[in-house]
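A.B. asks: Chains as they are written, first to last, in this note's numbering: chain A, 42 to 394; chain B, 158 to 223.
Simulated from the structure, these hints should not be mistaken for lab results. One or more hints might be untrue.
To be verified - Listed next, the in silico PhoX-like pairs over lysine-lysine satisfying Cα-Cα at most 25 angstroms (straight line): (1) A/LYS132 to A/LYS93; (2) B/LYS198 to A/LYS312; (3) A/LYS93 to A/LYS83; (4) A/LYS226 to A/LYS282; (5) A/LYS93 to A/LYS160; (6) A/LYS226 to B/LYS184.
Computed from a prediction, not measured in an experiment: that's the story for all the values here.
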Amino acid sequence: MKSNFFNISLICAFILIIGAFPTKSFSQENKSETAEKKFDPKETIMEHIADKHEWHLIGKAYIPLPVILYTDKGFEMFSSDKLQPAGTVYKGTYYNYLLLNNKIKVVDAAGNLDKVANKRVIDFSITQNVACMWMTGLLLIIVFLSISSTYKKRVGKAPKGLQSFLEPLILFIRDDVALPNIGVKYERYMPLLLTIFFFILINNLFGMIPFFPGGYNLTGNIAVTLTLAVIILLVVNLNAKKNYWKHIFVPNPWWLFPIMIPVEIVSIFSKPIALMIRLFANITAGHIIVLSLISLIFIFNSIWASFVSVPFTVFIDTIELLVAFLQAYIFTMLSSLFIGMAIEEHHDHEEVI
Amino acid sequence: MTGGYGPIGAGLAAIGAGIGIGQIGGKAVEAIARQPEAISKIQTNMIIAAALVEGVALFAVVVALL
Numbered sequence: 042m043k044s045n046f047f048n049i050s051l052i053c054a055f056i057l058i059i060g061a062f063p064t065k066s067f068s069q070e071n072k073s074e075t076a077e078k079k080f081d082p083k084e085t086i087m088e089h090i091a092d093k094h095e096w097h098l099i100g101k102a103y104i105p106l107p108v109i110l111y112t113d114k115g116f117e118m119f120s121s122d123k124l125q126p127a128g129t130v131y132k133g134t135y136y137n138y139l140l141l142n143n144k145i146k147v148v149d150a151a152g153n154l155d156k157v158a159n160k161r162v163i164d165f166s167i168t169q170n171v172a173c174m175w176m177t178g179l180l181l182i183i184v185f186l187s188i189s190s191t192y193k194k195r196v197g198k199a200p201k202g203l204q205s206f207l208e209p210l211i212l213f214i215r216d217d218v219a220l221p222n223i224g225v226k227y228e229r230y231m232p233l234l235l236t237i238f239f240f241i242l243i244n245n246l247f248g249m250i251p252f253f254p255g256g257y258n259l260t261g262n263i264a265v266t267l268t269l270a271v272i273i274l275l276v277v278n279l280n281a282k283k284n285y286w287k288h289i290f291v292p293n294p295w296w297l298f299p300i301m302i303p304v305e306i307v308s309i310f311s312k313p314i315a316l317m318i319r320l321f322a323n324i325t326a327g328h329i330i331v332l333s334l335i336s337l338i339f340i341f342n343s344i345w346a347s348f349v350s351v352p353f354t355v356f357i358d359t360i361e362l363l364v365a366f367l368q369a370y371i372f373t374m375l376s377s378l379f380i381g382m383a384i385e386e387h388h389d390h391e392e393v394i
Numbered sequence: 158m159t160g161g162y163g164p165i166g167a168g169l170a171a172i173g174a175g176i177g178i179g180q181i182g183g184k185a186v187e188a189i190a191r192q193p194e195a196i197s198k199i200q201t202n203m204i205i206a207a208a209l210v211e212g213v214a215l216f217a218v219v220v221a222l223l
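Put together the whole structure using the sequences plus the hints.
C.D. replies: This is the structure:
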C-alpha cells in the first residue's frame, strides 16, 4: 500500500516536472521546418544518435545543460540555452560561441569560424550523455546500496522485494560467467564484472525508451565503450601472471620469434578494441534500424506507411531488448574470459622436463 | 544517390555474418539434439562464437559505412 502511494506520487511529480520545462509551440516549428527543406532521413537519424548539449525530454521539450569550456584564457561556463535557437551567437567572456552540428565552435563577431581559436578550446561540457550516465549511475548506486543493506539485515533468509528481482542476475554473473571463466579466484573480479554488466544493461535498456528517462545513446557512443575497453585492457594486463607474458614473449619453437611476438602484441590490443566496436556497433545499429523504420512514414509522407513501419519497429524493438541483455552479457563474459586467460597459472609437463 | 560502394561492402559483411552465424546455430542445434543434457554448455559456447563472428561483421560494417 505504502509503495503504491509512493509510485503514484513519483509519477505525478514526474509529469509536473515535464510540464514545467519550456515547450515551444509545435505547429509553428513544424510548419517552418517542412517549408524549409525536404525530410532527410540520414540527417535526422544521425542527429538522434549523436550527443547533444540539451537533455531532450519528450517532443520539443528539453532541459538546457551547462557548457564548460577550457580555453587558453581560462574556464568558461554558461547554459546551453544561450546557444538556442540554432544559429545564435553567444558572446562569452573570452570568445564568441556558436552551436554547429551539436558541437560548440568559436566564431568571430561576424559569425565566421575561428579555426585557430577552435583548436585551443577543449569542451568539458555536461552533455546529454554525461547527464544520463550520472542519472543511471545514481540509480544503480541507490538500488545496489539498498540491496546490500537488505542482504546484511536478512542473512540466511529468503530474498525480498528488489533483492529477489536482482538476485538471479547477480547469481547468473557469478555462477555462469565469472566462476567457469576465471576459476577459483573469481571473487576478486566480481565487483568489476557486476558493475560493468549492470552499467551496460541499464544504459542499453534506458537507451531504448524513446522519451524522458531514456532517449539517449550512451552505450552506442564510441567514447564510452572505449573507456570500458580501456578499463578491461588495464585490468587484464595489470593482473596478468607470468604464464601470460611467457606466452607472448617466449613462443615455443624459437624461430617463430619474429612472427609471433608482433602478432601477440597486436592481440593484446585487438581484444579490447573488438569489445569496444562490438558494443558500439550493436547498439548504434539497433538505434539506426528503429529510426529508419520510423523514418519510412516521413519518406513516403503518408500515414498508411505506418501500418508497415510500426509493427516492424515493435518487432525490432523486441529483438533489441534481447540484444541489450546479450551485449551486456557478452561484454562481461568476454572480459572474464580475458581475465581468466591472463591469470591462469599452467603447470605444463614440458616445464618439468 | 551520391554514396560510394560502402553499402555494398556492408551487404557483403552481412552475408558473411549470416553464413557464419547460421553455421554456428545449426551445429549447436544438432549438438543439442544429440546431447540434450549439455544444453547450457553448448549455448554458452554458441553465444561466444556468434559474438566473435558478429564482431568481425560489425567491424566490416563500421569500416564500410564510415
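A.B. asks: Indicate, hint by hint, whether the structure satisfies it.
C.D. replies: Against the structure, the hints come out as follows:
In summary, the hint linking A/LYS132 to A/LYS93 is supported, as the alpha carbons are separated by about 20 angstroms, within the 25 angstroms threshold. Of the supplied pair hints, the one linking B/LYS198 and A/LYS312 holds, its CA atoms being roughly 23 angstroms apart against a limit of 25 angstroms. A distance of roughly 17 angstroms separates the Cα atoms of A/LYS93 and A/LYS83; the hinted pair therefore holds under the 25 angstroms criterion. Of the supplied pair hints, the one linking A/LYS226 and A/LYS282 holds, its CA atoms being roughly 13 angstroms apart against a limit of 25 angstroms.
A distance of roughly 20 angstroms separates the Cα atoms of A/LYS93 and A/LYS160; the hinted pair therefore holds under the 25 angstroms criterion. At roughly 33 angstroms between alpha-carbon atoms, A/LYS226 and B/LYS184 are farther apart than 25 angstroms, so this suggested pair is violated.
Hint 6 from the list above is the single one not met by this structure.
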